[in-house]
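Visitor: With chain F held as given, fit chain D onto it using these hints.
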Amino acid sequence: QKEVEQNSGPLSVPEGAIASLNCTYSDRVSQSFFWYRQYSGKSPELIMSIYSNGDKEDGRFTAQLNKASQYVSLLIRDSQPSDSATYLCAVNLDGGTSYGKLTFGQGTILTVHP
Amino acid sequence: GAVVSQHPSRVICKSGTSVKIECRSLDFQATTMFWYRQFPKKSLMLMATSNEGSKATYEQGVEKDKFLINHASLTLSTLTVTSAHPEDSSFYICSAARVGNTIYFGEGSWLTVV
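Those sequence lines, one after another, are chains F and D.
The opening position of the first sequence corresponds to residue 1 in the numbering used here, with each subsequent residue numbered one higher.
The opening position of the second sequence corresponds to residue 115 in the numbering used here, with each subsequent residue numbered one higher.
The following block holds chain D by itself, in its conformation from the complex:
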């Protein structure tokens, strides 16, 4: 079964609203999780590193006020897309690294902003 779970798998929201995507590590603690974004027919681009108990580290060019990341517990990180616009429509994927060097990806979340 899934080791890292994302929810929702698909979401449609109206322009100007905010949407939250959850990423959970199901049977291990993850002090660090990662959020990626993937446009159609493109590769994964790292958006930010989510750090439990501290601020996220954003990659260059990613608006931290637009993509709010919260990592309030060792098993949950959330990505909130604020004031969503159609250009934010994308496939968002989280990952977490487990002790022993295994990196697990969530199932991904399709966001469509209309």
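Next comes chain F alone, as it looks inside the complex:
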């Protein structure tokens, strides 16, 4: 079983729609969760970090965390073609003993078509 698993995609949504990205993780003691966006050939850029159960909103992005279900998601509202990228879920799996040490999911390719 993979430690961090994302819905495989690719995901295609029309412009203006909501894109939903999902991620599950294996380690119950995980404390820190991140969503990164990566354009082809570039380094990942942070979209959102979340540490507590519930929702966290930042502009068009909402991260949702459910530690009991070991599940974290990212919603992108009013999707734009510029949102087309690979989205990576990352988890600090070792309970925070080495903050910054991330395990990544395999990524979900999102395409937003005009």
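One should not assume that every hint holds.
Ranges of calculated distance between the beta carbons of each label pair, as one might list FRET restraints [unchecked claim]: (1) D:ASN165 with F:LYS56: 25 to 35 Å; (2) F:TYR99 with D:LYS180: 19 to 29 Å; (3) D:HIS121 with F:SER40: 15 to 25 Å; (4) D:ARG124 with F:PRO81: 24 to 34 Å; (5) F:GLN31 with D:SER129: 38 to 48 Å; (6) F:PRO114 with D:LEU188: 46 to 56 Å; (7) F:GLN80 with D:PHE153: 25 to 35 Å.
Sample of chain D residues with no beta-carbon within 10 Å of chain F, all distances over it, derived [what the hints assert, rightly or not]: (8) ILE126; (9) ASP141; (10) GLU166; (11) ASP179; (12) ASN184; (13) SER187; (14) LEU188; (15) THR194; (16) HIS199; (17) GLU201.
The hints are simulated quantities; they were obtained by calculation from the structure and are not laboratory data.
Keep in mind the model is a prediction, meaning the values are calculated, not measured.
All residues carry an ideal CB built from backbone N, CA and C; glycine is no exception.
Guide: Same frame as chain F, now just chain D:
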């Protein structure tokens, strides 16, 4: 501007030679940095944790004699790929965690071994 900087961004080397990649935290001290590797269309895989003033901690399956990591100062970690082979060609990315829980990634370094 960049908070974590990598150099070089692209490098081509001949088989059998060694190549060094630098990772610098530009305006903060990083006692710990991380090195990742990413193959085309794959996710980031953690290679090792670079510890300032002590030996790096390598992930299972990563050859420590092949990928030499040195973290000689609080702002610089280097990754040296020794006796490079074409299969070492990849995108190498470093990261550092800043006090306050922000994790920054470098721009990445493309290595091509010919």
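Visitor: Would you mind marking each hint as holding or not holding in the structure?
Guide: Hint check:
1. D:ASN165 with F:LYS56: 25 to 35 Å: 31 Å, holds
2. F:TYR99 with D:LYS180: 19 to 29 Å: 27 Å, holds
3. D:HIS121 with F:SER40: 15 to 25 Å: Holds, since D:HIS121 and F:SER40 (Cβ atoms, about 21 Å apart) stay within the stated range.
4. D:ARG124 with F:PRO81: 24 to 34 Å: Holds, since D:ARG124 and F:PRO81 (Cβ atoms, about 27 Å apart) stay within the stated range.
5. F:GLN31 with D:SER129: 38 to 48 Å: The hinted range 38 to 48 Å holds for F:GLN31 and D:SER129, with Cβ atoms some 43 Å apart.
6. F:PRO114 with D:LEU188: 46 to 56 Å: 47 Å, holds
7. F:GLN80 with D:PHE153: 25 to 35 Å: Given about 29 Å between the Cβ atoms, the range holds.
8. ILE126: 16 Å, holds
9. ASP141: 17 Å, holds
10. GLU166: Its Cβ never comes within 10 Å of chain F, the nearest being 13 Å, so this holds.
11. ASP179: Its Cβ never comes within 10 Å of chain F, the nearest being 22 Å, so this holds.
12. ASN184: The claim holds: D:ASN184 sits with its nearest Cβ about 18 Å from chain F, beyond 10 Å.
13. SER187: Holds, since 18 Å exceeds 10 Å.
14. LEU188: 14 Å, holds
15. THR194: 20 Å, holds
16. HIS199: Non-interface label on D:HIS199 holds, nearest chain F Cβ at 22 Å vs cutoff 10 Å.
17. GLU201: 20 Å, holds
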